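Visitor: Let's have the full structure, built from the sequences with the hints guiding it.
Chains as they are written, first to last, in UniProt numbering: chain P, 1 to 265; chain Z, 1 to 265; chain V, 1 to 265; chain L, 1 to 265; chain R, 1 to 265; chain U, 1 to 265.
These aren't lab readings, by the way, just hints derived from the structure by calculation. Fair warning: this is a prediction, and the values are worked out from it, not measured in the lab. Warning: the hint list may mix true and false statements.
Heads up, the list lumps identical chains together, so a pair's fine if it works in one copy or across two of them.
For lysine to aspartate or glutamate, the following EDC-like pairs were computed, each having C-alpha atoms within a straight-line distance of at most 20 Å [as the list claims (entries may be wrong)]: (1) Lys147 x Glu195; (2) Lys15 x Glu211; (3) Lys15 x Glu181; (4) Lys52 x Glu239.
Number of protein chains: 6
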Amino acid sequence: MQSYILTEMTWPEVKDALSTVKMAIVPVGAHEQHGPHMNESCDAVLATEMAKRLAARLHPQVLVTPTVNMGVSPHHLNFPGTISLRPETLLAILRDMVVSLQRHGIDKILFLNSHGGNQATLGLACATFSQELGVDCYYAKTTASAKQAMKEHISSSLYGHSCEREVSEAYYLAPHLVRPERLEKGDIVEGGRWEGMRPGKPLQGFYRYEEMTRNGCIGDATRASHAIGMAIVEEALDELSQAVRTVLAESVQDRVTHGEGEFAV
Amino acid sequence: MQSYILTEMTWPEVKDALSTVKMAIVPVGAHEQHGPHMNESCDAVLATEMAKRLAARLHPQVLVTPTVNMGVSPHHLNFPGTISLRPETLLAILRDMVVSLQRHGIDKILFLNSHGGNQATLGLACATFSQELGVDCYYAKTTASAKQAMKEHISSSLYGHSCEREVSEAYYLAPHLVRPERLEKGDIVEGGRWEGMRPGKPLQGFYRYEEMTRNGCIGDATRASHAIGMAIVEEALDELSQAVRTVLAESVQDRVTHGEGEFAV
Amino acid sequence: MQSYILTEMTWPEVKDALSTVKMAIVPVGAHEQHGPHMNESCDAVLATEMAKRLAARLHPQVLVTPTVNMGVSPHHLNFPGTISLRPETLLAILRDMVVSLQRHGIDKILFLNSHGGNQATLGLACATFSQELGVDCYYAKTTASAKQAMKEHISSSLYGHSCEREVSEAYYLAPHLVRPERLEKGDIVEGGRWEGMRPGKPLQGFYRYEEMTRNGCIGDATRASHAIGMAIVEEALDELSQAVRTVLAESVQDRVTHGEGEFAV
Amino acid sequence: MQSYILTEMTWPEVKDALSTVKMAIVPVGAHEQHGPHMNESCDAVLATEMAKRLAARLHPQVLVTPTVNMGVSPHHLNFPGTISLRPETLLAILRDMVVSLQRHGIDKILFLNSHGGNQATLGLACATFSQELGVDCYYAKTTASAKQAMKEHISSSLYGHSCEREVSEAYYLAPHLVRPERLEKGDIVEGGRWEGMRPGKPLQGFYRYEEMTRNGCIGDATRASHAIGMAIVEEALDELSQAVRTVLAESVQDRVTHGEGEFAV
Amino acid sequence: MQSYILTEMTWPEVKDALSTVKMAIVPVGAHEQHGPHMNESCDAVLATEMAKRLAARLHPQVLVTPTVNMGVSPHHLNFPGTISLRPETLLAILRDMVVSLQRHGIDKILFLNSHGGNQATLGLACATFSQELGVDCYYAKTTASAKQAMKEHISSSLYGHSCEREVSEAYYLAPHLVRPERLEKGDIVEGGRWEGMRPGKPLQGFYRYEEMTRNGCIGDATRASHAIGMAIVEEALDELSQAVRTVLAESVQDRVTHGEGEFAV
Amino acid sequence: MQSYILTEMTWPEVKDALSTVKMAIVPVGAHEQHGPHMNESCDAVLATEMAKRLAARLHPQVLVTPTVNMGVSPHHLNFPGTISLRPETLLAILRDMVVSLQRHGIDKILFLNSHGGNQATLGLACATFSQELGVDCYYAKTTASAKQAMKEHISSSLYGHSCEREVSEAYYLAPHLVRPERLEKGDIVEGGRWEGMRPGKPLQGFYRYEEMTRNGCIGDATRASHAIGMAIVEEALDELSQAVRTVLAESVQDRVTHGEGEFAV
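Guide: So this is what it looks like as structure tokens:
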């Protein structure tokens, strides 16, 4: 299963690869607490593994860049070990990466992200870079598109962090991330302020993770399995690779022109 | 129907109001094309009107600040008249408003937003200000919580901009925004790149609005009515006022401390 | 009295208007205390009204953008309700507006400002944008050019904030801003530090408004009248419209070139 | 004529001086063309000389810092040799100086400025630092307060740059700046765009100096004399020293508090 | 050989570790071409490996954070695959990491850096953070302190990038980085501009790496060996661990106070 | 000994000079304590004097700009009178100067620096400006290249600030900087934390100067002499002028292109 992984290549190898590569996949993770049963590097590792697998499917049209191994995690900072970047720092990293990649002739970028806390920043990054740098930027949550598998295998009403989904993905992609002997259900703080700010509620806002869960998990990690992980990951890779193939077939959007007053319609 | 509207008050009146006010509602809109049948100020006006009505329901515990009357609208810039702020500009405005409001003793803020393009920035704003300024910040889409009315009255699969929902809201809240004689369905560009990036698709990214619709609308504005607008708006106000009441009953989160290493759990 | 008011137009209307429009008028106001007898939105409203009237006189060569409805007001922050932007925030807003307007083919901009605290920032904005963006930027105090009327009707030695001048303008342009039953003279703090920093004094500097006036006013608002307002406003509109006509007849200054070393003289 | 000039002192001498010093005078100049008859360092040198003389009058209560020897001069950049700082650069320099001076116990600052192009930036600097840093900041044009001498000795309607005023000041303060054999009247471009933007006109804005004067001067330098310079400088020093003495007698304004909502009146 | 590696720990494990940990080691690398015989991740991997070994020697007083896996490499950007951060981006990352570490009670930081292009930025980072954040920050080149081994084993006059030193380190620390069958000497461009800017020359400045070497290497990688790597690495670890032990025994410098004017001597 | 000194020229003189000038020399100094026997302006004055002498040797190919008379000196801030710029402020000043110089057709710049604390910032400045502005930027310590003279005349193991080297340079270049009657050896704090961070030690980091020396000096100023100063200065000028001549003969590096993917080798 061959793929172009930039960290493992020499420059002459990259030079050769660039003759077919049209898109760079940038794994974007985080360094944050994942409860008592997962390593804090969980998101960075899962994003990297997903990127490699996606690159294998799309070979030789894509390459994988170094991983952004820390992310926007302020809500986890009260758990020991979490390291959080400000959104503007993440934007700066991504901008520099895109500018560097453009220097090598790559003008399509996919930020493949495993951490929910990065999503808003990635949305702004794509809008900004697409306009200012003349590239086509996309972003995706690593396994969010595995809707069928999720529906089939996930029954917790509240899940998404060190839960049966994430631990299952790790079992399949990077089992060293998991402490099987420590698996716990989320120790949820019932009736907290956070309940009013979950997705779909009228208000959104910021809350600290310990307001919601005492052990840093939600969902039920004890239900995780390699089989569930495989189902989720492979469906997501199917969906993502198909979506990327469509994008690879298109030409890059014209850079937005400034100051000319032309009307595009 | 009394309420505290900061733009219409003198300072002694504000001084009196502050004895009961616990939260400021900041209307956040945009200035952007809304097709051939709505004024470009649509979002700014709707946010303002919703804020006033919400304030009336929550009187005397909230006040309404001046409206942020431009927003993050780069995808509309190729339509004549659109004015767009960069996300960092919007963040700067909101920060200055929050700092000013703190000076007057207000430490709960609700950004009441009518424009989807602002949402990512508002999410970052709430996270940042909650941590750095010691306030509790929330944000909400003006009518997103009217799920029942939406389900009942909206049948377009693609809607959300100058469509039956938005025009109906305007009929109810600010009919001068609408040109009833010009109502058109969205003139959709079928098969475009945008289809792969709609909510729920595997990839997200930036596209310009004219890639999706030739006349700047989506959905079917010709189905709009005052009755639909009333149903949506009143349900949203019910939902929002209830959610805010919960929040008003809580004490502001302790400011996140720096450099002490204490573990909160 | 027709005029192009961007907030009240659809994009096809703007498209048509752009065939004759050469300049955008940006109303710049503030949200700050105006004593016990004026609403805090005073400056934002007066700037908007002046812009509309000026646009009517210059129709169809100008259009009016959304109003910058908050400004640089740190000296008023100790009065309840004032909201102040940092100068860099105001600069960011104006820059984004100018860049957006350029996209629509407009390269002459007039910042029509009603608030003294914005003047220094507007001066920097004009210098910066004229050089960096290739536009011609101008700024003006809304009624400062009504010298004859001022001389005739204003007798206070200290005036300029919620005084006979400003209240008169409001009587004429937007009477809902005034509480006629609350009109007060400025309650001046005699012998304060501020006296050494008034215009024309050897030193300039920053002082808080309450150091100068206990009720937030200076001058004598009780002398205000609709007639004085009309005299001031109409003279100012005469002066401004004549000055703008001259400017409209000129071609935009060549963008300042970088790095060529040519000597222009 | 003794005075504390920081550039000419050792640290033990500064330490001793700080027992009486209450204010720092920061000379602020520019590096820009001054026509065919003055050195480009004119403003930096004149500001320095004025600061030294003012310090002598106020000894031992003030000290003079190093000179800010470049300023905001974009309008002169098309004349060979001009070097211009952006306003934000000048703000950064002044902020760092103020923070350093605070470290030495000095909390009153006077920016003594000889260049009109710096005035708007200095106004913002004083407002910002006074609020954020807990210092009292003032600024003054070096000789603007010499109103009597100006009235008596200056007859040009347009003057202020390498004119009879400035050359006279240089004759008195730093004659090496002048090329007496090259003195020229301003070679004015009549009927230019600049005429509509001079102080007192309805519009303000940015124009390049060569739009106004072909040789870089305005006024009539051939009328300059040592006697006029003495009259201007000594009157200004009288005015400035008296104004500063008042300020030295006051206690520093309380730092503006954030987030407490107290009302100061 | 036990050590605290943050990426491989859960939060309860970190919590326990923090009872003894006094310092965080931040591996700082780069992603840049390393000639035809090394992977582009070379610096990131070597910094990580050195950090782990140093942490083992200093256990349980230190922990290793996630690696900064890209660095300041503009001089390598014309070689395919290089990704470079601007210095301000690297500063932002490091600042966020330090602030996060402080939250966990760690106030001594060592940036362990394998890439020369990062050194200036790290120097500024240490000075800035030490003053502003109240931490003690240090930085070190990974193996620069192995002076004895360098002297003994390195004979090239020009070395330091993908040379016998670096390849030897990789043989010892991470042999997968090397393509033994591709080892080449640096293909030096004799007589280039770069020769005048090497360390020790009168002028310093910026040159692109391809101005100096056609294959991206300097020195003679064909002389590299596992034994040389071991000698260099172990000597460096001896030196570094001893130096860090001294630092661990000291109390953190008092935060520099602002605005008090106290004289420390 | 003729040379082009921008501060002492009129614009027509600069215009003439620009026909031969290829490079600008920017003197970069500092304002900081130099022990009990040197003025705090020492670095600014020495850099200026060195620049003038170097310009004389390279006449008419170079000109000297105004001096950057404050620098990055946080480690000296606890000594009375020191004024320190943040690194980003120094970068901003230098950038504005380079952009202005480019306007006059100068695209080679030498930052001639007398203060060690500026070196890291100057390195970043050269790298950044060379890439972004299309100029060739160099930097040099004023006398660091006088290796022979240093070896011959300097015997202190620790020297470099207000020591026999610096005082000797001042005796030769600007004797008014020295208080001969106050000359002292450095009053070194033996066994301090600083010893572990001197150049060549395994760790680098930030320490305050008073941690190292009680009187602000290191080395032995009592050994200084005019003869040593002359030897050092003249050797440095020989070395610098030769190195600059080489650089003047080269054409400016092509601006780094973005987004084209071409491989330069």
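Visitor: What label fits Lys15 with Glu211 when the C-alpha limit is 20 Å: within, between, both, or neither?
Guide: For Lys15 and Glu211, the Cα distance is within 20 Å only across copies (18 Å; inside one copy 50 Å).
Visitor: When Cα atoms must be at most 20 Å apart, do Lys147 and Glu195 count as within-copy, between-copy, both, or neither?
Guide: between (24 Å within a copy, 18 Å between copies)
Visitor: Between the shortest in-copy and the shortest cross-copy C-alpha distance, which are at most 20 Å for Lys52 and Glu239: within, between, both, or neither?
Guide: within (15 Å within a copy, 38 Å between copies)
Visitor: Is it within, between, both, or neither for Lys15 and Glu181, if the alpha carbons may be no more than 20 Å apart?
Guide: between (46 Å within a copy, 19 Å between copies)
Violated hints: none; the structure is consistent with every hint.
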